[in-house]
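Q: From the two separate chains plus the hints, produce the assembled complex.
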Amino acid sequence: MMKVLLSGNEAIARGAYEAGVRVAAAYPGTPSTEILENIVQYKDIYAEWSPNEKVALEVALGAAIGGGRALACMKHVGVNVAADPLFTASYTGVRGGLVIITADDPEMHSSQNEQDNRNYAKFAKVPMLEPSDSQEAKDFIKLAFELSERFDTPVFVRSTTRISHAKSIVELAEPEKREAPKELQHQFEKFVMLPRNARVRHPIVEQRMHKLAEFADLFDRNELILHDTDIGIIASGTSYQYARESFPTKSFLKLAMVHPLPARKIREFSARVKKLYVFEELDPFFEDQIRAMGIAVTGKEVFPVCGEFSPLTAAAGINGTEKTLENPPLLEYLPPRPPNMCPGCPHRGIFHTLKTMKLFVSGDIGCYTLGALPPISAMDTCICMGASVSCAMGIDKALGENNLGKAVAVIGDSTFLHSGITGLLDIVYNQGACTVIILDNRITAMTGRQEHPGTGFTLMGKPAKQVNYEVLCRALGIDHIRKINPYDLAQVKSVIQEEVNRPEASVILSEAPCVLHRREFKPTNRPHAVDESACIGCRACLQIGCPALEWHNVGDKGKASIDQTLCTGCTVCAQICKKEAIREGK
Amino acid sequence: MDKVTNILMAGVGGQGVILASEIVSEAMMQAGYDVKKSEVHGMAQRGGSVTTHVRFGKKVYSPLIKDGEVDILFSFELLETMRYLGTLSPDAIVLVNNQKILPPSVTLGKDEYPDTIPGLLSARYPRFELVDALGVAQQAGNAKAVNVAFVGVLSRFFDVAEDIWHKAIAAMLPPKLVDLNLKAFALGREQH
Ligand SMILES: Cc1ncc(C[n+]2csc(CCOP(=O)(O)OP(=O)(O)O)c2C)c(N)n1
Numbered sequence: 000m001m002k003v004l005l006s007g008n009e010a011i012a013r014g015a016y017e018a019g020v021r022v023a024a025a026y027p028g029t030p031s032t033e034i035l036e037n038i039v040q041y042k043d044i045y046a047e048w049s050p051n052e053k054v055a056l057e058v059a060l061g062a063a064i065g066g067g068r069a070l071a072c073m074k075h076v077g078v079n080v081a082a083d084p085l086f087t088a089s090y091t092g093v094r095g096g097l098v099i100i101t102a103d104d105p106e107m108h109s110s111q112n113e114q115d116n117r118n119y120a121k122f123a124k125v126p127m128l129e130p131s132d133s134q135e136a137k138d139f140i141k142l143a144f145e146l147s148e149r150f151d152t153p154v155f156v157r158s159t160t161r162i163s164h165a166k167s168i169v170e171l172a173e174p175e176k177r178e179a180p181k182e183l184q185h186q187f188e189k190f191v192m193l194p195r196n197a198r199v200r201h202p203i204v205e206q207r208m209h210k211l212a213e214f215a216d217l218f219d220r221n222e223l224i225l226h227d228t229d230i231g232i233i234a235s236g237t238s239y240q241y242a243r244e245s246f247p248t249k250s251f252l253k254l255a256m257v258h259p260l261p262a263r264k265i266r267e268f269s270a271r272v273k274k275l276y277v278f279e280e281l282d283p284f285f286e287d288q289i290r291a292m293g294i295a296v297t298g299k300e301v302f303p304v305c306g307e308f309s310p311l312t313a314a315a316g317i318n319g320t321e322k323t324l325e326n327p328p329l330l331e332y333l334p335p336r337p338p339n340m341c342p343g344c345p346h347r348g349i350f351h352t353l354k355t356m357k358l359f360v361s362g363d364i365g366c367y368t369l370g371a372l373p374p375i376s377a378m379d380t381c382i383c384m385g386a387s388v389s390c391a392m393g394i395d396k397a398l399g400e401n402n403l404g405k406a407v408a409v410i411g412d413s414t415f416l417h418s419g420i421t422g423l424l425d426i427v428y429n430q431g432a433c434t435v436i437i438l439d440n441r442i443t444a445m446t447g448r449q450e451h452p453g454t455g456f457t458l459m460g461k462p463a464k465q466v467n468y469e470v471l472c473r474a475l476g477i478d479h480i481r482k483i484n485p486y487d488l489a490q491v492k493s494v495i496q497e498e499v500n501r502p503e504a505s506v507i508l509s510e511a512p513c514v515l516h517r518r519e520f521k522p523t524n525r526p527h528a529v530d531e532s533a534c535i536g537c538r539a540c541l542q543i544g545c546p547a548l549e550w551h552n553v554g555d556k557g558k559a560s561i562d563q564t565l566c567t568g569c570t571v572c573a574q575i576c577k578k579e580a581i582r583e584g585k
Numbered sequence: 000m001d002k003v004t005n006i007l008m009a010g011v012g013g014q015g016v017i018l019a020s021e022i023v024s025e026a027m028m029q030a031g032y033d034v035k036k037s038e039v040h041g042m043a044q045r046g047g048s049v050t051t052h053v054r055f056g057k058k059v060y061s062p063l064i065k066d067g068e069v070d071i072l073f074s075f076e077l078l079e080t081m082r083y084l085g086t087l088s089p090d091a092i093v094l095v096n097n098q099k100i101l102p103p104s105v106t107l108g109k110d111e112y113p114d115t116i117p118g119l120l121s122a123r124y125p126r127f128e129l130v131d132a133l134g135v136a137q138q139a140g141n142a143k144a145v146n147v148a149f150v151g152v153l154s155r156f157f158d159v160a161e162d163i164w165h166k167a168i169a170a171m172l173p174p175k176l177v178d179l180n181l182k183a184f185a186l187g188r189e190q191h
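Residue numbers (numbering that gives the first Met the number 0), protein chains in the order written: chain Y, 0 to 585; chain L, 0 to 191.
Chain L with its partners taken away, still in its complex shape (with noise of 0.2 Å):
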């Protein structure tokens, strides 16, 4: 496969996107591609919007995505969905986890969270899914695993062994939080 695939992850700090950056290009990299992922450290962490491009295929050569090839939007948070529409190829896959984290304007009452988000997403992309990967998460026993529950959702679109995917979680977590995180990721890998 000479195509390189553009996966631009978005969510809010501490949803833990940059670690399922992590263990989604760990496993294309044992997978035998050549990866390339970047994102921004510092002051967009502290509760902010967080994003990361993660690219890989035979010969990658930016860390970012060019704006109009992004691939899969793979989005942690419904409102985070919207701010990337921009970067998407015409027929890109929108997947995401139906989860509403309040920003601040929104918690003091100035804004109005939007309640219309994936009807309009469902409108436009045919290849939009919504994925209730907070819920995945708690059926494996843990809400904190909604991230690796949400990489076994993306898990079924590529061509990648299950063991591959395991080794990459495996080498991502803290040993005492693997088991539960490959329990998260199956049930992940089974929804439709």
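Just chain Y, with the same shape it has in the complex (with noise of 0.2 Å):
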């Protein structure tokens, strides 16, 4: 069969092509949204964003206990998003196979926490397999489908970022016919989670990781390599590969299944070496385990819990020390290149304008995230999608009548209607006094823009209806409801002014597509210059920190310029310019 290179992401979704999948549902994010953008091009899966990750787990689920095989996959934190349904999924098991995949982001490369969610196959009494490369990532999908139906059980399958993202060579495979399911199967005890029925299921569950450790001592992919036994070392994912680079010549036990543990092998491979490691990014998972088994282990003293592995982790942790420096840094200091919002982006005078405002704004996860960056530094929290909302109502019952005029929360579409919407819900039933700006950029930008339920399409191309955020807002109880250009600086301030200061809620909804949106974004003016003469230096533009804004020394005090390839002429700068230097050019 042909080989070909394939990120871990395009190798999972080959993987659930390979293995007849029936239905795909996912929520983006980094590093797991690539995996539904490739399933789309298998069109015997159905394939959907789901509003948020319980919804697309729900969905799996339901389509596995309709028979067929179903895939969920989400980023790490979304597991804690989807985790109500994962935990009882797992008693109730499955008809069709259901592999859901958690893709974690060791180093917080996208993210706002490094959770291991090994955690959660331990927790949640599920098993899981962790890939180490893309041919791995293909492959253990494909197996967790026959694990998932041959022990009745959700699997997961964990990748990381430089599985998710790393290229390497994959054979690929005819995919397996698979039928649509006939019918539904009534079947009370096992899907039904009534108490009593619960209480039967439990002990099944447990039944069902004992049997799954065993295999684990039988599974051919928990693979013993014995060279040098002076050193052993225990590892899984990409840090056995880093493990390998460093010491190929010492001997592994790689562990494709990472819960449970098979015990046995860690038995006969720590009576075979002399001193055993356990090298494992983030959590001392297998190390708390082995312990407790009574085997002595090196871990997390030589190896740090935070942060991601590299090769070098491996021998600096083993060796003790690693050799210094060869090439110290040529200068000292280096200007750094932080990601910023693009040129013409619709959030920059949102984010400009409550900044003037010296308003407490209680943010979110999205593009305008990036708001919080200097040189606006205009957002006060950032916790998890939704908390915006919710936060702005804490903020406003502790503080009562001291917070009129002090706070707002932004929000962006995808994460408004992802786990925005009951935050919302209950400022209304709980007559919190919040304003609540919701970015309508008309996508989920920050992601790479996946359609959503407000953009008109879905993941598969289809036109979709578009949710009203105006009659769903009204329909929650909001009487005040504010629609806003935010590329009319004048209009934001008035009406963000008029909303906080009034003791109900409000919601203002910001309408301008993303700039990179191709089918939303119509530039209605041509890019804007400076005028030289009239610009005096002043700097004002500057502070909104648009890429094409340039400043030059020239003159006794300098002068800004605007490069024209960038400029989307979004206006934004010229409104903000006192002299009226900078205008539509020709």
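Hint data in this document are derived by calculation from the structure and do not stem from the laboratory. A couple of the hints might just be wrong.
As the list claims (entries may be wrong) - Taking lysine-lysine and the DSSO-like style, the derived pairs with C-alpha atoms no more than 30 Å apart in a straight line are:
| no. | chain 1 | residue 1 | chain 2 | residue 2 |
| --- | --- | --- | --- | --- |
| 1 | L | Lys109 | Y | Lys577 |
| 2 | L | Lys109 | Y | Lys492 |
| 3 | L | Lys2 | Y | Lys274 |
A: Written out as structure tokens, the structure reads:
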């Protein structure tokens, strides 16, 4: 069969196709997003962007209860959102196979925390496989479906950023042909988790974990690799690759199944090697369990708990020291290059205005979180998706009347639909005097522009109903709903001013598409330019952090200019300029 | 060749660093090597620094290059070059595209863009090469082909047949852009 270079995410999608998956559901989130973006190329699979991870897992579980193979994908923190169905799906088990991808992000390249989701496997009593390259990513998806059906359980496959976003060579195979399930089965004891049934299911779950532990010992992908036995290393995922790279002549126990652990294999391995290391990124997940088996291991005393590993981590931990840098820096200070809102981004004017108004901004997650960074620096909290709205409620209740005119919640459209609606319902029901700004840029921008229930299209490209935020908010009970054009700074300011000073709940809908959203964004102005004779070098325009604005040290104060290839003509800088020195170009 | 070759590619979001890494990886696979390549997507792309690790050889384990073992630093931007010197092996090739992209603190007039970079690099690295890939791409007819022109320059360092490179470029680009990019690649490959 053909060999191709695939990322871990592409390989997972391919694995789902080869396994004959019928239904795949996900909410985007780095580093998991490309799995569903790639699955859509396989027309036999129904694939959807769900509004959030809980819904995605429930859709997949439903598909599995219906008898089809189903996949749910999410980033690590997405499993927190999906945790409720997860723990009970462990009790019900499945009919068709159910596989859940958790894509963890050690080092937090694009995340708010670096939780180690291997803990969820143990906590929810669900087996977990962890591939160490793209070939395994594809193979383990197929294996996970077999295990799911054989042991009647959901199965986790854990990826990390360095699996999902690394490419390696994969051999493709033909897909399994699977018919659509013919009918539903009524299985009251199995699928209706009333206490009396759940009490029966729990011991079944415990027996299942015992059987899976026995399987783990026989499973040939939990591999003993015996070379020099002075040092033995237990590892999985990319950690295995890093350690193998640094210590090619040492012995390894490579774990493909990270929960439950193969106790006999671990004992056998520890008996064969003189010094045993556990080399695992993030938590001492193996280490604690191996110690509990009464086996002496070295782990987190020499390898860090925080951050991601590299080949150097293995060498530094095991050799004690690492050679010093042969190439020290040539320059002491390098100007940083942080990510930035795009030129013309509709979020910029909003955050600039919030800054000038000195409001406390209960923030959320999305491209607009960049509004927290200099030079704008206008966001005061960022916790998890949806928290902007409910935290604003808590702030309001804590300060009471003292909060009037001081705080505002800001949330993106995709984030609002993900988990902002219930918070808003709380504000209405429990009478918070909060103002919530919904930034409707018509797309899930941050993760690379995915469709959502407000965009008018599905993942598979079908036209769809678009949520009407105004009608929705009104139905929840919001009486004051204002629409603003985020490029009209005077309007933005006056509307926010009025609403934050209103002792009642209100919603401000900021409507303008993401500038990278080809279907929706139509620039109305030409790029702008600075009239050098009018520019007095006050630098006011630079305070919005637009990548199209440049500074030149000319004259005694210097002058601004605008990169014509980057400017979208959004006019935000022109409105800030007190000298009217920025005008539309010809 | 048992030894794994390690290329660290660096640049700024939007310069086409990732596409360049795709082309090189594809070519090396077609040339019969084991290949791994790794980068970070997401926030890093919005005008921020971008790096990608490309590794090939008989058998590659880690998707990341061990610090101190980069054989070739393939840098699309002068300042970005300076961030990764700590990762280089002692006799590394330092191949740099002679382009400046001003970071925000410089456009805002807070920092200066250091103007000593080529001199500093050539004083320390005997195998430093400065290339005008943008000029090469413009010569080929489109400034946007700068990344493929630069891959052309890189291709001289490997014993991989020209037609394999062509196939890799054709596999990675939309059909209507292939001819232009093949031209940019060929001009890059002729640079000395
Ligand atoms: C539970 C959870 N799922 C997914 C993510 C990844 N993520 C963060 S914000 C976001 C959506 C951003 O879209 P939107 O709210 O529309 O804001 P925009 O980026 O378009 O400005 C996503 C997918 C996350 N951080 N947490």
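Q: None of the hints should be skipped; say for each whether it holds.
A: Hints, verified against the model:
Straight-line distance between C-alpha atoms of Lys109 of chain L and Lys577 of chain Y comes to about 22 Å, which keeps the hinted pair within the 30 Å bound. Restraint check for Lys109 of chain L and Lys492 of chain Y: the C-alpha separation of about 29 Å stays at or below 30 Å, so the hint holds. For the given pair, Lys2 of chain L sits about 28 Å from Lys274 of chain Y by alpha-carbon distance, which is consistent with the 30 Å threshold.
Checked against the numbered hints above, the structure breaks none of them.
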